[in-house]
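Colleague: As a plain string of letters, each chain reads:
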Amino acid sequence: MQKLRNHISPGWWLVAPFLVLVVCLYLGPLMNILWLSVSDPEPGLGNYANLFESETLPRIIWTTVRICIITTLLSVSLGYCLAYAMVHAYRKEQNMMLTFLLVSFWISILVRTFSWLMLLGRKGLVNEWLDAIGIISEPIAFMRNELGVLIGMVHYMVPYAVLPLLVNMQTLDQRVMSASRNLGATGAQTFFRIYLPMTKPGIVASVLLVFILSLGFYVTPAVLGGGKVLMVAEYISVQLLITLKWGIAAMLAALMLFGVLVMLWVMNRFMKLSTVFGGATS
Amino acid sequence: MKPSFLSLFNRAGAWVLLMFLVLPALIAIPVSLTPKRFLSMPKGEFSLRHFEKLFTSENWLSSFGQSAVIASSTSFLATALGTLCAIGLWRISSKYSEVVRAFLLLPLIIPQIISAMAFYRLWIPMGLLDSYSGLIIAHTILAAPMVLITVSASLANFDPKLEQASRNLGASNWTTMRRVILPSVRPGVMAGALFAFILSWDEIVVTLFISKFKVYTLPRRMWNGIRENTDPTVAAAAVVLIAITIIAFVVSALISRRRTQPDHT
Numbered sequence: 001m002q003k004l005r006n007h008i009s010p011g012w013w014l015v016a017p018f019l020v021l022v023v024c025l026y027l028g029p030l031m032n033i034l035w036l037s038v039s040d041p042e043p044g045l046g047n048y049a050n051l052f053e054s055e056t057l058p059r060i061i062w063t064t065v066r067i068c069i070i071t072t073l074l075s076v077s078l079g080y081c082l083a084y085a086m087v088h089a090y091r092k093e094q095n096m097m098l099t100f101l102l103v104s105f106w107i108s109i110l111v112r113t114f115s116w117l118m119l120l121g122r123k124g125l126v127n128e129w130l131d132a133i134g135i136i137s138e139p140i141a142f143m144r145n146e147l148g149v150l151i152g153m154v155h156y157m158v159p160y161a162v163l164p165l166l167v168n169m170q171t172l173d174q175r176v177m178s179a180s181r182n183l184g185a186t187g188a189q190t191f192f193r194i195y196l197p198m199t200k201p202g203i204v205a206s207v208l209l210v211f212i213l214s215l216g217f218y219v220t221p222a223v224l225g226g227g228k229v230l231m232v233a234e235y236i237s238v239q240l241l242i243t244l245k246w247g248i249a250a251m252l253a254a255l256m257l258f259g260v261l262v263m264l265w266v267m268n269r270f271m272k273l274s275t276v277f278g279g280a281t282s
Numbered sequence: 001m002k003p004s005f006l007s008l009f010n011r012a013g014a015w016v017l018l019m020f021l022v023l024p025a026l027i028a029i030p031v032s033l034t035p036k037r038f039l040s041m042p043k044g045e046f047s048l049r050h051f052e053k054l055f056t057s058e059n060w061l062s063s064f065g066q067s068a069v070i071a072s073s074t075s076f077l078a079t080a081l082g083t084l085c086a087i088g089l090w091r092i093s094s095k096y097s098e099v100v101r102a103f104l105l106l107p108l109i110i111p112q113i114i115s116a117m118a119f120y121r122l123w124i125p126m127g128l129l130d131s132y133s134g135l136i137i138a139h140t141i142l143a144a145p146m147v148l149i150t151v152s153a154s155l156a157n158f159d160p161k162l163e164q165a166s167r168n169l170g171a172s173n174w175t176t177m178r179r180v181i182l183p184s185v186r187p188g189v190m191a192g193a194l195f196a197f198i199l200s201w202d203e204i205v206v207t208l209f210i211s212k213f214k215v216y217t218l219p220r221r222m223w224n225g226i227r228e229n230t231d232p233t234v235a236a237a238a239v240v241l242i243a244i245t246i247i248a249f250v251v252s253a254l255i256s257r258r259r260t261q262p263d264h265t
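Just so you know, the sequences run in chain order A and B.
The first sequence begins at 1 in this note's numbering and counts up one residue at a time.
The second sequence begins at 1 in this note's numbering and counts up one residue at a time.
Heads up, a few of these hints could be off.
[Stated by the list, open to error] Covered stretches of chain A, going by a simulated chain B footprint (3 or more residues, C-beta under 8 Å):
| no. | region |
| --- | --- |
| 1 | 22 to 33 |
| 2 | 152 to 166 |
| 3 | 199 to 206 |
[As the list claims (entries may be wrong)] For lysine-lysine, the following DSSO-like pairs were computed, each having C-alpha atoms within a straight-line distance of at most 27 Å:
| no. | chain 1 | residue 1 | chain 2 | residue 2 |
| --- | --- | --- | --- | --- |
| 4 | B | 212 | B | 53 |
| 5 | B | 161 | B | 95 |
| 6 | A | 123 | B | 53 |
| 7 | A | 245 | B | 214 |
| 8 | A | 245 | B | 212 |
Don't read these hints as lab results, they were simulated from the structure.
Backbone N, C-alpha and C fix where the C-beta goes; we use that ideal spot for every residue, glycine too.
So that you can see chain A by itself, here it is in the shape it has in the complex (with noise of 0.2 Å):
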């Protein structure tokens, strides 16, 4: 027992109390769903066979990934200019813009998706501006389809996509940068060949973040689509709670947990999660 004990160091003394309660409180649970996936109704593939059988699915799961890949690209890419303008920015500006960006970070999803609500309505601020100075005369259907997704989806992501990528450009060398001026380059040499690769580990965790977060969002989907734009996420939360098919959940649910799971990895390659989420509470 003594031999033991100095074998096992006393610090899991201290992890033991969270790690049961993941275990058994958490991980138990999520492998129960994967078991479900493949024994209810009845045991077997089924569920998954009905990925090629059904028409739906495909379609839902298409629907997912093409506005996943969109909110990634547009957030990433917004990100990036504004994670650039930061980096570049004086001490006192920056400190301004790293206020805005983390206010906007923690006001809650359900207030903004409320004002998007206001805002983008048929009968909302932004049709009634528009028509006010002229350029409409109809109003612009905003809402109950994907563009309202995506203006919900991009506004909330935006400051994902900076996070990682602030903590990337933060700790580059910029003398690589004026040397490259120096030996000749134009600006535009040195941003795409010697920035923009530099940055490769924020952006690619920058983009898996998002897409991982966009993958499971429930909340904004689920009201700007107005039960038009149906995601995994919003589809699984109906067979649970209307149809109570679990099965089709689960199996959902597992080829979600299954991506996500891939894409961790790949990103831990590049930078680890603490680190990506370090960014959001300093």
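With chain A's structure known, arrange chain B on it following the hints.
Modeller: Relative to chain A, chain B alone:
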């Protein structure tokens, strides 16, 4: 190097983007001041009636209370568990502990709809559905990884020699923990507690699944209000939430300012 035209353009663009991020949320303020009974922009006339309704409605007040109880309990539990766990992992620092750390951060990043499903499935047989303890446990599992991150960040700056010194001078494990380690990671612990509170206070997806009638948190009531999309009381609640976010933000900024400035006391 003189700033080029392009970088000036980018800087202006960055500010436009930041405005796009922050300003839309503020639309709730004018909407909450409308004198009408339905959601609308006030036209020249303002009224505080929806705030009055918010603060006299039994339903809204009970939701505020319930959310406060759940978020405080979550924050307390998550901070305790997360802090212990961070200190433990920091002391072990082996390749196993890094694997465990990565595993324990998963609840933070796994889509909440999947977490919601897992909790829902387990809470039914455990009888935890629609109860305070059910929500608090679920939120604690989701929030403690956040504490783990903030405390670990604090520990990264802590000199392990201080711990050794304390032990060499005869302090017990417990005394070292209480008098040496905990005081030096305090900023991380406080920040973690704050973020755990916000996370629980604001959590909707898991809450939608594991609460029904008895427990009706603030996000749950807002969610209903948003879906019904008629009652301006939601706008008033949104304004209160924005105010709370800004207050929490100022508090956390003060904490981190103290962290970066040398202590004079």
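Colleague: Are the hints correct? Go through all of them and say.
Modeller: Each hint, compared with the structure:
1. Coverage of the region 22 to 33 of chain A by chain B holds [criterion: at least 3 residues with CB-CB distance below 8 Å; count 8].
2. Residues of the region 152 to 166 of chain A lying with their CB closer than 8 Å to a CB of chain B number 3, which satisfies the three-residue condition for coverage.
3. Beta-carbon proximity to chain B at under 8 Å applies to 0 residues in the region 199 to 206 of chain A; the threshold of 3 is not reached and the given coverage is violated.
4. Only pairs whose Cα atoms come within 27 Å are accepted, and residue 212 (chain B) paired with residue 53 (chain B) is accepted, the gap being roughly 23 Å.
5. At roughly 22 Å between alpha-carbon atoms, residue 161 (chain B) and residue 95 (chain B) fall within 27 Å of each other, so this suggested pair holds.
6. Proposed proximity of residue 123 (chain A) and residue 53 (chain B) is supported: the alpha carbons are some 25 Å apart, at most 27 Å.
7. For the proposed pair residue 245 (chain A) and residue 214 (chain B), the alpha carbon gap of about 25 Å is at most 27 Å, so the pair holds.
8. Between the alpha carbons of residue 245 (chain A) and residue 212 (chain B) the distance comes to roughly 20 Å, so the proposed pair stays at or under 27 Å and holds.
Checked against the numbered hints given earlier, this structure breaks only hint 3.
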